[in-house]
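If you want the building blocks of each chain, they are given just below.
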Amino acid sequence: DVKVTQSSRYLVKRTGEKVFLECVQDMDHENMFWYRQDPGLGLRLIYFSYDVKMKEKGDIPEGYSVSREKKERFSLILESASTNQTSMYLCATHFGYSGNRARGYTFGSGTRLTVV
Amino acid sequence: GESVGLHLPTLSVQEGDNSIINCAYSNSASDYFIWYKQESGKGPQFIIDIRSNMDKRQGQRVTVLLNKTVKHLSLQIAATQPGDSAVYFCAENRGDMRFGAGTRLTVKP
Chain R
3 DVKVTQSSRY LVKRTGEKVF LECVQDMDHE NMFWYRQDPG LGLRLIYFSY DVKMKEKGDI
63 PEGYSVSREK KERFSLILES ASTNQTSMYL CATHFGYSGN RARGYTFGSG TRLTVV
Chain B
50 GESVGLHLPT LSVQEGDNSI INCAYSNSAS DYFIWYKQES GKGPQFIIDI RSNMDKRQGQ
110 RVTVLLNKTV KHLSLQIAAT QPGDSAVYFC AENRGDMRFG AGTRLTVKP
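Chains as they are written, first to last, in this note's numbering: chain R, 3 to 118; chain B, 50 to 158.
To be clear, the hints were calculated from the coordinates, so they are not data collected in a lab.
None of these values were measured; they are calculated from a predicted model.
Treat the hints with caution; some may be incorrect.
What the hints assert, rightly or not - Each computed EDC-like pair below joins lysine to aspartate or glutamate, with the alpha-carbon atoms no more than 20 Å apart:
no., chain 1, residue 1, chain 2, residue 2
1, B, Lys-91, R, Glu-58
2, B, Lys-157, B, Asp-80
3, R, Lys-73, R, Asp-40
4, B, Lys-91, B, Asp-133
5, B, Lys-91, R, Glu-32
6, B, Lys-105, B, Glu-88
7, R, Lys-20, R, Asp-53
8, R, Lys-72, R, Asp-40
9, B, Lys-91, R, Glu-81
10, R, Lys-5, R, Asp-61
11, R, Lys-5, R, Glu-24
12, R, Lys-5, B, Asp-80
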């Protein structure tokens with residue numbers, strides 16, 4: 003089974019800090035995604051990447067950036083954390099497309115970030 | 050705009066009863082849907098999927114029904130157990146994922 007590992011389960015950071023959320027997958031998948039999950043809003047796509055050093059903005063990229071230096075690792079960066087970025091962050095990956103369908107979509111366990 | 054959503058935010062059922070969780074979608078061109086289960090403190094886990102050329106698909110204790118006419122999807126859980134307590138999402142897979150807000154299922158003993 004694909005394993006998607008998020009390095010921290012819980013994080014507490016101060017406003018203005020630079021925050022790194024790490025995601026590592028062990029199955030050589032090319033496609034990786036970062037979502038945030040908020041009550042009543044579901045999962046919203048922040049950024050995604052289809053290859054090393056490649057990144058694309060999702061629906062809510064403001065206040066975030068990403069890094070994909072190696073295929074297995076996709077990092078989400080909060081340049082200057084704010085309280086409205088308190089949320090659950092989920093990393094996901096899949097191994098390709100069958101027609102237009104993503105195959106093998108797998109999530110990490112999530113990082114609950116609190117910005118104080 | 051296009052959206053994937055759920056009718057009810059919470060559902061409470063008695064242990065042993067059947068549960069039905071509903072989902073509406075608005076993109077009539079969507080042809081593949083997935084149900085996920087998310088337990089507290091965990092990431093979403095795949096439950097079952099269905100393609101638009103099907104009306105029904107069954108798994109172990111779960112059944113997904115797709116009504117393309119009214120753009121409605123449902124997840125049925127038979128003989129609901131305490132371990133089924135979780136948040137359930139439908140997702141529309143169009144290459145990237147579009148999720149609803151989720152329904153929290155609570156199973157009462």
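Going through the hints against the structure:
no.: 1; hint: B:Lys-91 with R:Glu-58; result: violated (26 Å)
no.: 2; hint: B:Lys-157 with B:Asp-80; result: violated (35 Å)
no.: 3; hint: R:Lys-73 with R:Asp-40; result: violated (28 Å)
no.: 4; hint: B:Lys-91 with B:Asp-133; result: holds (14 Å)
no.: 5; hint: B:Lys-91 with R:Glu-32; result: violated (23 Å)
no.: 6; hint: B:Lys-105 with B:Glu-88; result: violated (25 Å)
no.: 7; hint: R:Lys-20 with R:Asp-53; result: violated (25 Å)
no.: 8; hint: R:Lys-72 with R:Asp-40; result: violated (29 Å)
no.: 9; hint: B:Lys-91 with R:Glu-81; result: violated (26 Å)
no.: 10; hint: R:Lys-5 with R:Asp-61; result: violated (25 Å)
no.: 11; hint: R:Lys-5 with R:Glu-24; result: holds (14 Å)
no.: 12; hint: R:Lys-5 with B:Asp-80; result: violated (27 Å)
Of the numbered hints given earlier, the model fails hints 1, 2, 3, 5, 6, 7, 8, 9, 10 and 12; all others are met.
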